[in-house]
Amino acid sequence: MIKNIKLQLNHQEIELYVHPLKRLLDVLREDCGLLGSKEGCGEGECGACSVFVDGELVNSCLFPVGKAENKQVLTIEGFRDTVRYDVLRESFEEAGAVQCGFCSPGMMMAAEGLLRRHPHPAEQQIREGISGNLCRCTGYNMIIDAVMLASKRGDGLW
Amino acid sequence: MVEVYKPQSLKEALELLEFNDCTVFAGGTDLMVKKKQWTGLEPCFDKPVVLISEIDELTEIKRDENYLYIGAACTFSQLIESSLIPEFYKCVFVEMASPSIRNMATIGGNICNSSPAGDCLPLLYALDANLLIQSSCRNFEVPIEDFIIGPGRNILKSGELVTKVKILNSNFNIIKYRKVGARKSTVLSKLSFIGLADMEDKRLHDIRLAFGAVAPTVVRNREIEAEILNMYSMGLVDVQEITGYYSILIRPIDDQRSTAKYRKSSCKRLLEDFIKSLL
Amino acid sequence: MKTDISAPVKRDDVADKLAGLTCYIGDMRNEDMLYAKTLRSKEARAKIASIEYPVMPEGYFIVGKNDIPGRNRVKLLLEDWPFFAEDVVNYIGEPIALIVGSDKAVIQELIAATKVIYQKLEPILSIDDSGLLPIYGETNSFADYSFGKGDIDKVKRIAKYIYEGTYETGYQEQFYLEPQGVIAEFKEGKATIYGSLQCPYYIKNAVIDCLGISSDRVRIVQATTGGAFGGKEDYPSLLAGQAACAALKANKPVCLLLERNEDIECTTKRHPSRIRLTSYVDEGFKLIGLEADIVIDAGAYAGLSGVVLQRAMFAAAGVYNVENLRVHGKAIATNKVVSGAFRGFGSPQAFFAIEMHMEHAAKEMGVDPMEFKLQNVVKKWDKSTTGGIFRDKNLLPEMVQRVTEMSGFAEKKQTSKKPRNDNKRRGIGLSMFLHGCGFTGNGERDHIKAHVKLAKNSRDEVEILISNVEMGQGINTTMKKIAANALEIPIERVIFINPDTDRVPDSGPTVASRTIVVVGRLVYEAAIELKEKWQVGAVQEAECSYQYPEGYEWDNDSLSGDAYTNYSWGVNAVEVELDTLTFESKIIGVWAVFDIGKSIDDRIVKGQIDGGIVQGLGYASMEVMENQQGRFKQRSSTDYIIPTAMDIPIIQSELMCQPYSGGPFGAKGLGELTLVGSPIAYALAIEDAIDAGINSIPVRPELLMEVMADDKKY
Chain A
1 MIKNIKLQLN HQEIELYVHP LKRLLDVLRE DCGLLGSKEG CGEGECGACS VFVDGELVNS
61 CLFPVGKAEN KQVLTIEGFR DTVRYDVLRE SFEEAGAVQC GFCSPGMMMA AEGLLRRHPH
121 PAEQQIREGI SGNLCRCTGY NMIIDAVMLA SKRGDGLW
Chain B
1 MVEVYKPQSL KEALELLEFN DCTVFAGGTD LMVKKKQWTG LEPCFDKPVV LISEIDELTE
61 IKRDENYLYI GAACTFSQLI ESSLIPEFYK CVFVEMASPS IRNMATIGGN ICNSSPAGDC
121 LPLLYALDAN LLIQSSCRNF EVPIEDFIIG PGRNILKSGE LVTKVKILNS NFNIIKYRKV
181 GARKSTVLSK LSFIGLADME DKRLHDIRLA FGAVAPTVVR NREIEAEILN MYSMGLVDVQ
241 EITGYYSILI RPIDDQRSTA KYRKSSCKRL LEDFIKSLL
Chain C
1 MKTDISAPVK RDDVADKLAG LTCYIGDMRN EDMLYAKTLR SKEARAKIAS IEYPVMPEGY
61 FIVGKNDIPG RNRVKLLLED WPFFAEDVVN YIGEPIALIV GSDKAVIQEL IAATKVIYQK
121 LEPILSIDDS GLLPIYGETN SFADYSFGKG DIDKVKRIAK YIYEGTYETG YQEQFYLEPQ
181 GVIAEFKEGK ATIYGSLQCP YYIKNAVIDC LGISSDRVRI VQATTGGAFG GKEDYPSLLA
241 GQAACAALKA NKPVCLLLER NEDIECTTKR HPSRIRLTSY VDEGFKLIGL EADIVIDAGA
301 YAGLSGVVLQ RAMFAAAGVY NVENLRVHGK AIATNKVVSG AFRGFGSPQA FFAIEMHMEH
361 AAKEMGVDPM EFKLQNVVKK WDKSTTGGIF RDKNLLPEMV QRVTEMSGFA EKKQTSKKPR
421 NDNKRRGIGL SMFLHGCGFT GNGERDHIKA HVKLAKNSRD EVEILISNVE MGQGINTTMK
481 KIAANALEIP IERVIFINPD TDRVPDSGPT VASRTIVVVG RLVYEAAIEL KEKWQVGAVQ
541 EAECSYQYPE GYEWDNDSLS GDAYTNYSWG VNAVEVELDT LTFESKIIGV WAVFDIGKSI
601 DDRIVKGQID GGIVQGLGYA SMEVMENQQG RFKQRSSTDY IIPTAMDIPI IQSELMCQPY
661 SGGPFGAKGL GELTLVGSPI AYALAIEDAI DAGINSIPVR PELLMEVMAD DKKY
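Residue numbers (my numbering), protein chains in the order written: chain A, 1 to 158; chain B, 1 to 279; chain C, 1 to 714.
Hint data in this document are derived by calculation from the structure and do not stem from the laboratory.
Among the clues, some could well be false.
With a straight-line Cα cutoff of 20 Å, these simulated EDC-like cross-link-like pairs (lysine to aspartate or glutamate) come out [unchecked claim]:
id, chain 1, residue 1, chain 2, residue 2
1, C, 412, C, 368
2, B, 166, B, 200
3, C, 10, A, 13
4, A, 3, A, 69
5, B, 35, C, 691
6, C, 42, C, 32
7, A, 71, B, 54
8, B, 35, B, 46
9, B, 261, C, 364
10, B, 35, C, 639
11, B, 268, C, 639
12, C, 10, C, 368
13, B, 6, A, 90
Example chain C residues on the side facing chain B (calculated, C-beta under 7 Å, incomplete) [what the hints assert, rightly or not]:
id, residue
14, 105
15, 581
16, 582
17, 644
No residue lacks a Cβ here, since even glycine has one placed at the ideal position from N, Cα and C.
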C-alpha cells in the first residue's frame, strides 16, 4: 500500500509516494537523494543515520517514514546551512574530531541534539549525548573536545 | 505489502484492532530491527501495522493521590524529562540504549516486547505495576507479572492494547539499581538488579527485589520478600538463606552476551550486598 | 613553505565529511546499475553436491565459479582462496555465487529459493582439532616457520630461573564504520572497479588474474574509505573479482555492498592466538634465553596469515634483549572465517604474551616487574630477535620514566593495595612495546618496490601520484605537508586525489605503518628532485623508487637479519576500577608516550594515538567474538560491541623523538603502534586490582570471576 506522505524536509514541504514502513533513511537516500545520512549498522547501534524529527534526534534506520508524516525532518543537508552548524564545523576541524568521516554527519546531529538540551555541557554530558554514535577512528576524545569548544564559541546560540 | 494504519484516537485504534489482526507499532526500535531486510527494501511485516505513537491518550503522564499513570506510548525521553516521574525511575531509564533510541522507544513497547532483558521491567515488577488493557469491548487491569508469561510472550490477545501503566505511589528511601552490560551505554543487559526498601530507624517496612535477564521472565517473589521483612523484625537476618531462596528462582542461560554462571553469581553478590546494606 | 612540519594544519577533507558531501562507495549512483547479493555457505565444511537455482527472470543472473574467465583464486600469498566456492565450502558465510539484478526484492527471493545440497564433512573448528582431513596440505598449516639464535640448549642448563606460561588472545573485528563495498563496470573491454579499499594494486592484480586479461584493461579507483584498519587490505580483492565477473556477465555496472551484519559474520578478523613462552633467567635477573611457540588460527584460507605469523614471531621477545632464542610458529587452517589483517598484524598478540610473561616471571622470582623489564630492555647496537641491529638510541627508559610521572604510577601501585569498603578495587598497569615499520623482511625490497611520482602543472601546482589511500588516517594532509615542505611551496598548491591505478604508479599498499616512513620518504625525495629542476610555468615530473637502505641485511630463507629498518616505540599506562560484585571494570585513566620519530602533524598523530589506544582497549575488554560450531555467536552490531564515548576516559599522551634518518624529516611509522600497548596495560591493571594472573584477552567479567575463584595466582 504505497501512499502519498507529506512532510517537511529541511524546511520544505514535500510529498512522497512511498510505503509508509519504508525506513526514513532509505527515503532520504533513495527517494530524496540526500546522501549525508549514512547507514553504518541498520540496527540503531551506530548513530550514523541520525536525523531530527520534530526536534527529536532519532535513528532514521529505525524510523518508518509513515511516522514522519506531517512532521519536520531535519537532516545534515538542512542543518549545514545554519550558524550553529558553522560553529560546530569549525570546532570539529580545530579539535581534530574527524578521521574517516563516516560517522561525522551523524555525530554532528548528535552534538546539535546535545547542545539543544545542554548548551554548556559538562564532559560527562557530552559523553552521554554522543553515546549512541559509534566512531572507530578517533577514540572520541577529540570529538568531546570539539563539542566543548563549540559550546564555548557558540555561547548564546543554543 | 501490508496495510499501515495511523489512528488518531484510542477509540479508532481499538476499532481497527477489533476487526484486523495487526502488529501494533509504537516506537519501533525492536520491530524495525527484527523485520529489517536488505538496505532499501521495506521491513517485512507479515500483518497490517497500526502506528500508535501519536495517540494523545497513550502519551499522557498523570498522577493522582494514589497512583501514577503512564501512557503506554510515552517515550523514555519523555519520562526522563517529566516532573511527575520519580527520580529513581529515571535512573533506570537513562541507562537504556542511547539518547536517540530513548527518543523513540516506548514503555509500552518495552513491556509488550516481554524480553527477559527488557530494561524497565525489573523496576515495574518491583513497583507492583499494573497494566491497563483495553479492547473495544472491555477494559481490565493486570499485574505486570501476570501479563508476561515467557520470553517474548504475554497474554495480550488480538484486539487488545496496553494503554497505561499504573503504579501505586510509594516511598522507598533505599534504592539500588544495577544494569550489568558489556559496555556503559547502548547495550543489552547481561543481567540487572533492583532493590527497593523503605526503612526507618532501623525498621524495615517494605522491601522489593527484582532481577532481569536471569530467567524466562523477571524474577520477583513476594513470599521471600515477606520472609525477609520477618527476619528483620525478629533481628535474625540470614543472608545465606535469602540468597538460597533466590538461587532456585534465578535460572539464567549461556548466550552470546554472557554465561549462566556469571549471571547467577553476580545476582547473588548484588543481592547480598543490598541485604547487607540494610543491616 | 618551510615551517615546523609537526605544527597542525587544517585537513581539507574534513569540511565535506562533516557536511555529508563526501562520496563513499555507497553514495555512488549510476542509472543502470545492478545490485548483487551473495549466496553463502550455511555449512562450516561440506561438499557441494548440487545447487538448485530457481529460473532467473530476464535481467537476473547467477554469477558463480563457472563465470570466472581467469583463475578462481584471490591473488595473495598462497593461491588457495577462491572467489566462489568450487566443490567444497570451508566456512559458514563462504561465497558460493552472486545473484545479480535490478530489483533487490526479486534478488532476495531468488536467493531464498535457491537450494544448496551439502554433503557434510567433519569440520576443523579449533587449532587443537587433529586427526581430521586437512583443509590445506598434509599438515593443515598454511605456514610453519622456525628461527633462532645463540645456544638455547646451553642456557637451559645454566639458567637459575625458568618460567613458562601460555597466553591466548581472541578474535577482533575491525568494525570500520563504513561496511565493505565495491562497484564494478565493464566498458569497451576494460574493467573499472570503484571501492572502499586500502590497496589499489593488490586489487588490480587480483582482478587481472580473475578475469584473465591484460594489465591495461583493469582499472581500480578508490572511493573515499570510511575506515579500514586492515580489514580492507585483503577482502576487497575478493569482492572486486566477484563484482567484476558479475559486471562482465550482466554487461552492466554491478554494485556489491555488504550489510553490517554480513560484514561482521563473513569478512576477515584479527587472528586468535595461543603463545607459549619459556624464559631462562640468570642469577642477576638477566633474561638469557627465550623459547616461543606461536600458533595462530588462520581460518579457512591462507590469506595473509604467513606474514601475520612472521610479524608475531619477530615480536616474540618484545622490547627485550635476549641472546639465545628459539621461535617456532604455525598458522593453522580451520573451518572458520579467514583471519586477516588488522592494525598491528600479529604484533598485538605477541606483545600481549611477552609483556604478561615478563610481569609474571618477575613476580614469580620475587623482583619488581618494572625493574626486571627495564634491566632487560634492548639498547642501541643490541640485536633484534632475527639478529638485526637496533641502530638508533632507544628512549624507552625515559619514556617509562615519563609515563610513571604522568600517571602517578608508584603512588597508585601503593593505593591499589589498600583495602576498601566500597566493593571497588583499583589497579594500574604499564606496557612497553615497539613496532617495526614497513613491510617485514624483504617485502619492501623484493615484492613492493614502491614507486612514486609528482606531477607539476603549468600553474605550478604539484600533484602527488601514489597508490596509498586516505582512509581516515590523514595522509591526504600529511603527504601534502611533506611535499609542500620539501618543495617550499604553500600546501594549497599541492594536490592529492583518491588514487586511480590509471593515473598513479604502484607505491604499494596502505598497510604496515609504511605510508609515511616509506612512501612519504619517496615523496620527499621526489619533491627535492622537482625543486632542484623547478621551472616556473613548466609542466614537469619527478619520480622516485624505493631503494633498500645501505648497511641492512635480510635473508628470507633463514629469517635472519634486519626484519625492519626502523622501529617506533611506546609506553602505555592504564588505570582501572573494578567492581568486585560484578567484576565489571571502568577505565579511569590512560597515559601514553610514543617515539614515532618526527611527528608529521601533531593533531593527526594525536588522532591516531587516541583511536589506536581505544581499539586496543576494546580488544582487551569488551570485544568478544566466540565461535561455536563454526558460527560466530556475536554476529550483529548489537552483540559484537565496540567502545562508546562512555567507556573511555581522557587519554593523556606525549611524544618523544628519536628520528629515523631514512624517514621523511626523521618520521617513523605510527598507525599500528598505537594499538599494541593498551590491551597489555589494561590486562596488567586488572591483574594489579585482583592480585591474580591474567593470561588471556579479552578480559571479560565472566573470565575474571573464574580467575578470582581460582587459587593459582600467576
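_Are any of the numbered hints broken by this structure? If so, which, sorted upward?_
Hint check: 2, 3, 5, 6, 9, 11, 12 and 13 fail, others pass.
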